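Chemist: Here is what each chain is made of, one letter per residue.
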Amino acid sequence: AQSVTQLDSQVPVFEEAPVELRCNYSSSVSVYLFWYVQYPNQGLQLLLKYLSGSTLVKGINGFEAEFNKSQTSFHLRKPSVHISDTAEYFCAVRSQGGSEKLVFGKGTKLTVNP
Amino acid sequence: DGGITQSPKYLFRKEGQNVTLSCEQNLNHDAMYWYRQDPGQGLRLIYYSQIVNDFQKGDIAEGYSVSREKKESFPLTVTSAQKNPTAFYLCASSSRGLQETQYFGPGTRLLVL
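As they're listed, the protein sequences go chains A and B.
Counting from 1, one number per residue, gives the positions in the first sequence under our numbering.
Counting from 1001, one number per residue, gives the positions in the second sequence under our numbering.
There may be inaccurate statements among the hints.
[Claimed, not checked] Mimicking DSS-like on lysine-lysine, the simulated pairs with C-alpha atoms at most 30 Å apart in a straight line are:
| no. | chain 1 | residue 1 | chain 2 | residue 2 |
| --- | --- | --- | --- | --- |
| 1 | A | K69 | A | K106 |
| 2 | A | K109 | B | K1083 |
| 3 | A | K69 | A | K49 |
| 4 | A | K101 | B | K1009 |
| 5 | A | K49 | B | K1009 |
| 6 | B | K1083 | B | K1009 |
| 7 | B | K1057 | A | K58 |
| 8 | A | K109 | B | K1057 |
| 9 | B | K1071 | A | K109 |
| 10 | B | K1070 | A | K101 |
| 11 | A | K101 | B | K1083 |
| 12 | A | K109 | B | K1070 |
| 13 | A | K69 | A | K58 |
| 14 | A | K58 | A | K106 |
| 15 | B | K1009 | A | K106 |
| 16 | A | K101 | B | K1071 |
| 17 | A | K109 | B | K1009 |
| 18 | A | K49 | B | K1083 |
| 19 | B | K1057 | B | K1083 |
| 20 | B | K1071 | A | K49 |
If you're looking for bench data, these hints aren't it; they were derived computationally from the structure.
Source: prediction; values computed, not measured.
Isolated chain A (complex conformation) (with noise of 0.2 Å):
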């Protein structure tokens, strides 16, 4: 079975400074990786997904985030945040075998600061 852990609850942080959203996964099989944003009282929306070759994902946005697979993690970064970047962000994974269900970490709500 996989799991996945958003280290940070909450991430205030000033409009134009950057930012990174920390996940860790736990799983005995390797996985596919993804990165939804969710704006208040709306469905996600994905921002990048990794399944295979560069580490280094880019995605819509100005997000990017780069799977490393010795710390099983995929933070999420952005050099320089706007207010509208204000929303929560969920980190997901999947495993390459077996089931097509999606296991989801509990969030990171990012505030952004003028």
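Knowing the structure of chain A, use the given hints to seat chain B on it.
Modeler: Here is chain B on its own, set in the frame of chain A:
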């Protein structure tokens, strides 16, 4: 426009009442999912269906039921056996395959009167 619609946006349930949440997709996806979201808990899988007329329990299926009679539709019934139904419910769909992205609807917020 292709997408996933959920209705209603808000739903109120009285004690002992069953209520049904609607989820429709026009993305031609085979797989559909229902999640429950509580504050600080992330998303937990209730039921999923990989093909018409077939569905499987997720991690928290007790007190819920589903049907999948059409490819486009995957309604969720919250039964009176679900003692704590207040939550935000999200429906998702995807093509089959482990690399495929799940796409989400806008959600239904269920409140208990």
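Chemist: If a hint holds in the structure, say so; if it does not, say that too.
Modeler: Now the hints, each set against the structure:
1. A:K69 / A:K106: 21 Å, holds
2. A:K109 / B:K1083: 28 Å, holds
3. A:K69 / A:K49: 15 Å, holds
4. A:K101 / B:K1009: 25 Å, holds
5. A:K49 / B:K1009: 29 Å, holds
6. B:K1083 / B:K1009: Between K1083 of chain B and K1009 of chain B the Cα gap is close to 21 Å, so the pair holds against 30 Å.
7. B:K1057 / A:K58: 34 Å, violated
8. A:K109 / B:K1057: 29 Å, holds
9. B:K1071 / A:K109: Answer violated: K1071 of chain B to K109 of chain A is near 34 Å, above 30 Å.
10. B:K1070 / A:K101: 21 Å, holds
11. A:K101 / B:K1083: 25 Å, holds
12. A:K109 / B:K1070: Roughly 36 Å between the alpha carbons, so the hint for K109 of chain A and K1070 of chain B is violated.
13. A:K69 / A:K58: 17 Å, holds
14. A:K58 / A:K106: 23 Å, holds
15. B:K1009 / A:K106: 23 Å, holds
16. A:K101 / B:K1071: Roughly 19 Å separates the two Cα atoms, so the pair holds.
17. A:K109 / B:K1009: 23 Å, holds
18. A:K49 / B:K1083: 36 Å, violated
19. B:K1057 / B:K1083: This hinted pair holds, its Cα atoms lying about 18 Å apart.
20. B:K1071 / A:K49: At roughly 26 Å apart (the allowed maximum being 30 Å), K49 of chain A and K1071 of chain B satisfy the hint.
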